[in-house]
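K.L.:
Chains as they are written, first to last, in UniProt numbering: chain A, 1 to 209; chain B, 1 to 209.
Relax, there's no trap hidden among the hints.
With a straight-line Cα cutoff of 20 Å, these simulated SDA-like cross-link-like pairs (lysine to any residue) come out:
#, chain 1, residue 1, chain 2, residue 2
1, A, K38, B, E90
2, B, K127, A, Q39
3, A, K27, B, A29
4, B, K9, A, R93
5, B, K26, A, R49
6, B, K9, A, E45
7, A, K20, B, T28
8, B, K127, A, L37
9, A, K38, B, R49
10, A, K9, B, E99
11, B, K20, A, P22
12, A, K38, B, K127
13, B, K20, A, D43
So the derived label-pair ranges between C-beta atoms look like this:
#, chain 1, residue 1, chain 2, residue 2, range
14, A, G102, B, K9, 16 to 24 Å
15, A, K38, B, D82, 28 to 36 Å
16, A, Q39, B, Q39, 17 to 25 Å
17, B, G181, A, Q39, 35 to 43 Å
18, B, Q39, A, K163, 24 to 32 Å
19, B, L201, A, K38, 39 to 47 Å
20, A, D188, B, S70, 52 to 60 Å
21, B, L201, A, E42, 52 to 60 Å
22, A, A136, B, Q57, 51 to 59 Å
23, B, R80, A, T56, 39 to 47 Å
One-sided and incomplete, this derived list gives chain B residues near chain A with beta-carbon spacing under 10 Å:
#, residue
24, P7
25, L21
26, I67
If you're looking for bench data, these hints aren't it; they were derived computationally from the structure. Just so you know, even glycine gets a beta-carbon here, dropped at the ideal spot from N, CA and C.
There are 2 protein chains.
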Amino acid sequence: MNLINFPSKHLENAVEELSKLPGVGKKTALRLALHLLKQPQEDVERFGRSVIEMRTQTQYCSLCHNISDSETCSICASPRRDHSLVCVVESVRDVMSIENTGSFSGVYHVLGGIISPMEGVGPSDLKIDSLVNKIASGTVKEIILALSTTMEGETTNFYIFRKIRNHSVTVTTIARGIGFGDELEYTDEVTLSRSIKNRILFDAGTNTL
Amino acid sequence: MNLINFPSKHLENAVEELSKLPGVGKKTALRLALHLLKQPQEDVERFGRSVIEMRTQTQYCSLCHNISDSETCSICASPRRDHSLVCVVESVRDVMSIENTGSFSGVYHVLGGIISPMEGVGPSDLKIDSLVNKIASGTVKEIILALSTTMEGETTNFYIFRKIRNHSVTVTTIARGIGFGDELEYTDEVTLSRSIKNRILFDAGTNTL
Chain A
1 MNLINFPSKH
11 LENAVEELSK
21 LPGVGKKTAL
31 RLALHLLKQP
41 QEDVERFGRS
51 VIEMRTQTQY
61 CSLCHNISDS
71 ETCSICASPR
81 RDHSLVCVVE
91 SVRDVMSIEN
101 TGSFSGVYHV
111 LGGIISPMEG
121 VGPSDLKIDS
131 LVNKIASGTV
141 KEIILALSTT
151 MEGETTNFYI
161 FRKIRNHSVT
171 VTTIARGIGF
181 GDELEYTDEV
191 TLSRSIKNRI
201 LFDAGTNTL
Chain B
1 MNLINFPSKH
11 LENAVEELSK
21 LPGVGKKTAL
31 RLALHLLKQP
41 QEDVERFGRS
51 VIEMRTQTQY
61 CSLCHNISDS
71 ETCSICASPR
81 RDHSLVCVVE
91 SVRDVMSIEN
101 TGSFSGVYHV
111 LGGIISPMEG
121 VGPSDLKIDS
131 LVNKIASGTV
141 KEIILALSTT
151 MEGETTNFYI
161 FRKIRNHSVT
171 VTTIARGIGF
181 GDELEYTDEV
191 TLSRSIKNRI
201 LFDAGTNTL
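Required output: the full structure, derived from the provided sequences and hints.
P.N.:
See below:
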């Protein structure tokens with residue numbers, strides 16, 4: 001079925017917008033739109049507003065680049081966290097995954113991705129400079145590289161390591177309890193928790209592929 | 001990964017709302033939310049507004065119950081359509097499907113579903129009364145029942161037929177048969193048996209491609 005002949009311009013607009021979501025085609029978008037049409041008006045208004053408010057009311061934490069409702073996120077603002085221990089992750093999802101284990105007392109640094117020439121993501125697209133500056137300031141004793149155990153993750157680990165090796169900071173990676181090619185967000189809590197506990201010194205010689 | 005420890009209340013709200021969409025779980029909702037977070041603010045505002053506007057600015061056509069931007073939909077308002085020929089369908093999607101064929105010149109009547117005791121949908125939940133009133137007014141010469149060829153569809157067909165059999169209106173159903181491109185050996189027995197029973201004269205003019 002080709003999606004033409006919309007009986008309503010407003011329906012067509014909504015389908016057009018919904019189909020821009022990742023993994024949502026035109027037919028799925030129409031199904032979602034017709035579902036929303038059947039919901040009470042206040043529910044649909046709350047739905048639309050929640051998305052707009054998320055985009056307009058949140059910001060990236062000025063210290064760790066995690067999503068936050070204030071200039072500094074609750075983790076970075078907490079006096080109970082060890083600010084000399086920084087866990088470097090790709091995304092907000094990874095912060096949530098590690099926080100779920102309840103076994104990490106340090107703070108985070110969210111890169112916003114990993115180096116991936118295939119997808120056109122270079123070092124300058126990531127929050128690597130601010131990580132290097134953070135380390136240069138001398139307040140960080142250890143960074144834990146907790147990126148995906150993929151080619152791109154290893155490349156990013158190595159790139160960061162090269163950038164900071166002249167500073168007096170211990171560089172560790174989470175233990176290889178995680179299968180090669182696995183992604184952090186799909187790892188069970190025990191494995192993830194152990195891989196943080198058993199983190200090992202980063203060795204540019206043996207850790208490269 | 002359990003979805004707790006949201007770094008932002010606004011993000012949590014948006015994930016909560018997105019996960020109410022049919023077929024969207026919490027993890028998918030988080031993926032959608034983080035995707036939206038990366039989009040330009042005006043794009044996300046347009047997204048949210050489009051959904052709200054669809055819900056608040058559209059209405060059901062007072063004549064056929066199709067979605068419409070005005071009190072009467074463009075099909076019912078068109079003088080080029082045959083208003084004495086009414087095609088009864090379940091949903092807005094079916095109207096769009098039939099309109100896409102470009103071969104129907106009548107108008108529609110959207111029931112809003114079919115009778116399904118399993119899902120708690122009874123005749124009173126559907127726009128059957130207004131269909132009966134439309135027929136009772138005497139302006140309709142023929143109604144085409146174009147519902148799903150399921151038990152529920154057949155039940156609904158029969159229910160409608162009983163309600164209107166005392167009125168002078170021709171009641172037809174769309175032809176049940178073998179789809180274009182289908183193979184006989186993969187066709188179920190009911191369909192095959194009906195397609196033999198309801199065989200039609202071969203017309204070299206209309207049956208060729």
